[in-house]
Amino acid sequence: MKVSSELDLNRIEELVYISPNSPLFARQAFSLADKGKINEAIKICETGLQKYRFYISGYIILAKLFFEKKDYKSAFVALKNALTIAPNCPAAIECLIEWKEKLDEKSNLPSELDSVDKNLNQKKFLNSTPHVIEKIDIQNKIKIKDELERILEKFEKSNSLVIKADPTFNMIYEPPPHKEVIATETLCAVYLSQGLYKEAVSVLERLQEKDPSKKGEYTAKIQALKEKLEISKSIS
Numbered sequence: 014m015k016v017s018s019e020l021d022l023n024r025i026e027e028l029v030y031i032s033p034n035s036p037l038f039a040r041q042a043f044s045l046a047d048k049g050k051i052n053e054a055i056k057i058c059e060t061g062l063q064k065y066r067f068y069i070s071g072y073i074i075l076a077k078l079f080f081e082k083k084d085y086k087s088a089f090v091a092l093k094n095a096l097t098i099a100p101n102c103p104a105a106i107e108c109l110i111e112w113k114e115k116l117d118e119k120s121n122l123p124s125e126l127d128s129v130d131k132n133l134n135q136k137k138f139l140n141s142t143p144h145v146i147e148k149i150d151i152q153n154k155i156k157i158k159d160e161l162e163r164i165l166e167k168f169e170k171s172n173s174l175v176i177k178a179d180p181t182f183n184m185i186y187e188p189p190p191h192k193e194v195i196a197t198e199t200l201c202a203v204y205l206s207q208g209l210y211k212e213a214v215s216v217l218e219r220l221q222e223k224d225p226s227k228k229g230e231y232t233a234k235i236q237a238l239k240e241k242l243e244i245s246k247s248i249s
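Heads up, the sequence shown is in this note's numbering, so the first residue is 14 and it goes up one at a time.
These are computed hints drawn from the structure, not numbers from a lab. All the pointers check out, no bait thrown in.
DSS-like mimics (lysine-lysine), calculated; alpha carbons at most 27 Å apart, straight line:
1. Lys82 / Lys93
2. Lys211 / Lys241
3. Lys82 / Lys48
4. Lys50 / Lys113
5. Lys234 / Lys211
6. Lys50 / Lys93
7. Lys113 / Lys82
8. Lys93 / Lys113
9. Lys93 / Lys115
10. Lys83 / Lys56
11. Lys211 / Lys64
12. Lys228 / Lys211
13. Lys64 / Lys86
14. Lys56 / Lys93
15. Lys48 / Lys115
16. Lys50 / Lys86
17. Lys83 / Lys115
18. Lys211 / Lys227
19. Lys64 / Lys241
20. Lys223 / Lys239
21. Lys86 / Lys56
22. Lys83 / Lys50
23. Lys239 / Lys211
What follows is a list of derived Cβ distance ranges for each label pair:
24. Glu107 / Lys223: 44 to 54 Å
25. Tyr210 / Ile98: 23 to 33 Å
26. Phe67 / Glu111: 20 to 30 Å
27. Pro100 / Gln236: 34 to 44 Å
28. Ile110 / Glu222: 53 to 63 Å
29. Gln63 / Glu111: 23 to 33 Å
For every residue, glycine included, the Cβ atom is placed at its ideal position computed from N, Cα and C.
Taking the hints into account, I'd like the entire structure generated from these sequences.
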């Protein structure tokens, strides 16, 4: 298995540690699999999916892990979960077509595949989108872009050090009392991934003072977050 963008496994583990409420577990599992630790990767993926039950990419990665282990039945169960959530998911359909050809040749086709295949109306899909396996169109690409990539992008853009959370904290990182935490884009990204928008605004306001050259960029982000907070208040 190959990881789409090279990230150090230790760094991914740090990010998961900082933000356990984010779906970074999928990238961590993929990286472990790339190092041959399939069983450990499966365990991490299954644990993460207990919280993120509608996380399509997580099911697809889990399916690929099972398939690599030759546990075809479990692979198709995971793939079926992904297709139940998004019946026209190009990545899942690509796996289905590829695996069906391989397993047909071995006469070892799991019964799970038949039910998935019938529900997909695969022939219609292939006729209408003949190049879907090679290139996903922009509209679908935007639609299926998951939270994982957005979070990673935020971390990658930051030049600051990763702030390690105290191991005594539970699910949400909170700074120790009476101790000022350094405002960084990484800290802002952590708060955003946890839905702590007020805290993220506070960090951005401090960054404005710290780096006047990026004031326009920070002002736009602050305004967008404040609007989001107002919408949340009106709904609740």
